[in-house]
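Protein chains in written order, with numbering that gives the first Met the number 0: chain A, 0 to 261; chain B, 0 to 266.
Please keep in mind that the hints were generated in silico from the structure rather than gathered at the bench. Incorrect hints may have been included.
Not close to chain B: a few residues of chain A, all C-beta gaps over 12 Å, as computed [as the list claims (entries may be wrong)]:
1. L54
2. G123
3. L183
4. P184
5. T195
Here are some of the chain A residues that sit facing chain B, going by a computed Cβ distance under 8 Å [said to hold, decoys possible]:
6. L9
7. G77
8. Y82
9. A83
10. G167
11. A171
12. G199
13. F201
14. T235
15. L236
16. V237
Label pairs and their calculated CB-CB ranges [to be verified]:
17. I63/A <-> L60/B: 48 to 56 Å
18. L45/A <-> A53/B: 41 to 49 Å
19. R47/B <-> R37/A: 35 to 43 Å
Predicted model, so just to flag it, every value in this text is computed and none were measured. Beta carbons are placed, not taken as given, at the ideal position from N, Cα and C, and that holds for glycine.
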Amino acid sequence: MRHPTRLIPLAVTLLACAFLLVPIVQSVLAGLTVNYFRGLSSGLTLKWVGEVWGLYASSILLSIWLALACLAVTLVLGVPAAYALARRPGRAARVLEEFISLPLAVPGLALALALLQLYGSYSGFRTSWAFILVGHVLYTLPFMVRSVLAVLAAIDLKTLEEGAATLGAGPARRFVDIVVPNALPGILAGALTVVTLSIGEFNLTWMLHTPYLKTLPVGLADSYASMRLEIASAYTLVFFVMIVPLLVAMQWASARAQRILS
Amino acid sequence: MSHRSFLLLCLVPLASFALAFLAIPLVRLVLASGEGAEGWAIYLTILRTPRYLATLGQTLLVSLAVTAAALAVSTTAGLFLARSRFAGRRVLLSILTLPLAFPGVVVGFMIILLGGRQGLVNQLLPGHWVFAYSVTGLFLGYLYFSIPRVLLTVMAAAEKIDPALEEAARTLGAPPWRVMVDVVLPALAPALIAAGAIAFATAMGAFGTAFTLATDIDVLPMVIYTEFTLSANIAMASALSVVLGLVTWALLLLARSLSGGTVAAGG
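Excised from the complex, chain A in its bound form (with noise of 0.2 Å):
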């Protein structure tokens, strides 16, 4: 017989488990069902989600490209930084790496407000989407930077780089043939967590948006304030269905380079 304080950790544990998942299994079951008060015996259906497709394709959309978008900025921006940073160790290189670093730490509304008293005034710039994109970049460019610096650190590169130098590659050579080879799983793990933070960014994104230029999650602001519950939860249930899959891919791309970094 196992002593009753043994169980207060899995109580715990299952209260946690509840109190995360039942809200997220109401919101799945209320954008499915024809009426949500009257409960499933009012039937399955698809309305819903049909509905919010009609209503929000556009947000789905640009978030996807915003997403792709802000991949493409970061690996542009991010690679070659996480290599140089990792060949050249020093005070300067510690500085800057915690410099990017600071969009995880300060919140999303204050980088909001001093891009957009920055730069607010160039309207052609400020009602484009690549103001959104700015923000996503600055959101997600320390994990992309992070994640290919830890895979880089952990391998001798000098020694791999060296040994292509004395067969006379040059530098940009030895980048693409080397370093970005060798950096796959971590351009990887980054490039997941990336996709995944810029679809689900709201709090830099809901201050930088134009009523033209709706994101996924502002339009899910949007939803929950004026739209009827059964459209709400569809639109969070579409939303599950890309982040949810992004998520598990994500924490496997990190479990992986985590196991070749040991």
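Assemble the complex: chain A is given as a structure, and chain B must be docked to it using the hints.
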């Protein structure tokens, strides 16, 4: 091209981006906070205005309560899941990490589904069980997105504890609670401090959840938002943002120096 200049070239895109979209905007934000009618005395005004002080106090209080609750729940569940092997363990773990990628607005909606006017609790116990739009709702929302983050940090640290230490304590006759207090918790302390700081900083800066739940709860991000959009009090919105940013940044810096890992606030 020499190797050294190639490395510098690799840093140019990142450094230019950080300069144009991070460094200069942040400097602009700090300067804007001093451009109001009262100049730099605006930071004194924050301390002298009861509404701002009350907001600051309420934000700190909710964040502290969430941190304590998230640490208690996630340490209990994390240690349990890290140490037991049973069918369904992976499922429980997946459920507990699922909300990691949920934005604050979605978390707010989850709380409305639980405790809103048409929420589950109010349907089961009709009448008096609408808590989503109050500080309780905010607390639960912050707890919702803090549990997964704290849990992952605790579990990673728990797996590194040498089981021989606990065995030694048990062999010496220590009851389970003494092993917990004298061996396990001290070994987890750096991770707990780090995770606690993340939870606290995240709760301080969380905007989406408060935005979805209510406009009449005065927490710092909501006040910054209303100062900026409704009152057009740019200087005050900037000054409050600077205060909020400094507090969260300092906390996460402390957390990182204690844990050495990558931590991120969000939500």
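Checked hints:
no., hint, verdict
1, L54, "holds, 16 Å"
2, G123, "holds, 16 Å"
3, L183, "holds, 17 Å"
4, P184, "holds, 16 Å"
5, T195, "violated, 5 Å"
6, L9, "holds, 6 Å"
7, G77, "holds, 7 Å"
8, Y82, "holds, 6 Å"
9, A83, "holds, 4 Å"
10, G167, "violated, 14 Å"
11, A171, "holds, 7 Å"
12, G199, "holds, 4 Å"
13, F201, "holds, 4 Å"
14, T235, "holds, 6 Å"
15, L236, "violated, 11 Å"
16, V237, "violated, 11 Å"
17, I63/A <-> L60/B: 48 to 56 Å, "violated, 40 Å"
18, L45/A <-> A53/B: 41 to 49 Å, "holds, 47 Å"
19, R47/B <-> R37/A: 35 to 43 Å, "violated, 54 Å"
Checked against the numbered hints listed earlier, the structure breaks hints 5, 10, 15, 16, 17, 19; every other hint is satisfied.
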